[in-house]
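Participant: Quick mapping for you: the protein sequence lines, in order, are chains A and B.
First residue of the first sequence: 4, per the working numbering; consecutive thereafter.
First residue of the second sequence: 65, per the working numbering; consecutive thereafter.
Check the hints yourself; a few may be wrong.
Unchecked claim - Within a straight-line C-alpha distance of at most 30 Å, the following computed DSS-like cross-link-like pairs (lysine-lysine) qualify: (1) A:K100 / B:K130; (2) A:K71 / A:K100; (3) B:K78 / A:K45; (4) B:K119 / A:K100; (5) A:K71 / B:K130; (6) A:K18 / B:K130; (7) A:K74 / B:K119; (8) B:K78 / A:K8; (9) A:K100 / B:K78; (10) A:K71 / B:K128; (11) B:K105 / A:K61; (12) A:K45 / B:K128; (13) A:K108 / A:K45; (14) B:K119 / A:K108; (15) A:K112 / B:K119; (16) A:K100 / B:K105; (17) A:K45 / B:K105; (18) B:K84 / A:K8; (19) A:K100 / B:K84; (20) A:K61 / A:K100; (21) B:K105 / B:K84; (22) A:K45 / B:K119.
Keep in mind the hints are simulated off the structure, nothing from the lab.
Note that this is a predicted model, so its numbers are computed, not measured.
These are the residues of each chain, in order.
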Amino acid sequence: QQQVKQSPQSLIVQKGGISIINCAYENTAFDYFPWYQQFPGKGPALLIAIRPDVSEKKEGRFTISFNKSAKQFSLHIMDSQPGDSATYFCAASNFNKFYFGSGTKLNVKP
Amino acid sequence: GAVVSQHPSWVICKSGTSVKIECRSLDFQATTMFWYRQFPKQSLMLMATSNEGSKATYEQGVEKDKFLINHASLTLSTLTVTSAHPEDSSFYICSARVSGAGELFFGEGSRLTVL
Chain A
4 QQQVKQSPQS LIVQKGGISI INCAYENTAF DYFPWYQQFP GKGPALLIAI
54 RPDVSEKKEG RFTISFNKSA KQFSLHIMDS QPGDSATYFC AASNFNKFYF
104 GSGTKLNVKP
Chain B
65 GAVVSQHPSW VICKSGTSVK IECRSLDFQA TTMFWYRQFP KQSLMLMATS
115 NEGSKATYEQ GVEKDKFLIN HASLTLSTLT VTSAHPEDSS FYICSARVSG
165 AGELFFGEGS RLTVL
């Protein structure tokens with residue numbers, strides 16, 4: 004059973020636009036929700052993370068919105084740039100285990 | 065963020081040989097490290113959880129005799145792919161969690177190609 008469901012699988016956005024990636028989870032025991040950015044041939048890099056006691060966290064152009072009641076969280080990339088083109092993974096953590104979404108390949112067109 | 069170093073970044077070996085991949089936490093102590101395998105265009109598949117000073121915990125379906133994991137110190141975990149075969153060719157990534165905190169940091173990954 005997939006613990007974290009991520010959508011869309013791929014996303015094309017024009018430069019300057021907003022990229023939105025969504026994730027949903029079932030296990031209410033999850034207490035940490037990070038987003039990772041991965042470039043081809045590289046390991047994932049932690050982008051931004053949130054805990055369930057807040058509904059939104061913003062770091063620069065990246066914002067996580069968290070809806071505890073709906074068990075959903077999303078990543079918003081404002082003013083998307085071609086350099087943001089990468090694969091993004093959401094994750095959810097419970098104690099010592101991390102569960103990853105299936106990934107979203109983002110392509111920002113110049 | 066914390067730095068996790070993985071070595072080698074790529075390795076080519078002959079079928080039947082063993083390959084060791086190292087994962088080091090450079091600026092923090094990690095009581096727990098994780099090993100993942102990633103197939104092209106797919107998500108990360110957790111292989112095992114490595115705990116310092118104790119045996120690794122393997123995920124269902126992962127052969128513990130093929131993928132030997134050792135976590136000898138708070139900053140080093142190793143994955144040894146024994147008697148490698150072409151189907152073991154993959155991208156292996158380690159990660160480490162800062163003790164007492166939530167963040168999980170990844171190494172750069174190791175591309176294994178078995179001929």
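Participant: Sort out which numbered hints this structure fails and list those numbers smallest first.
Facilitator: 5, 6, 7, 8, 9, 10, 14, 15 and 18
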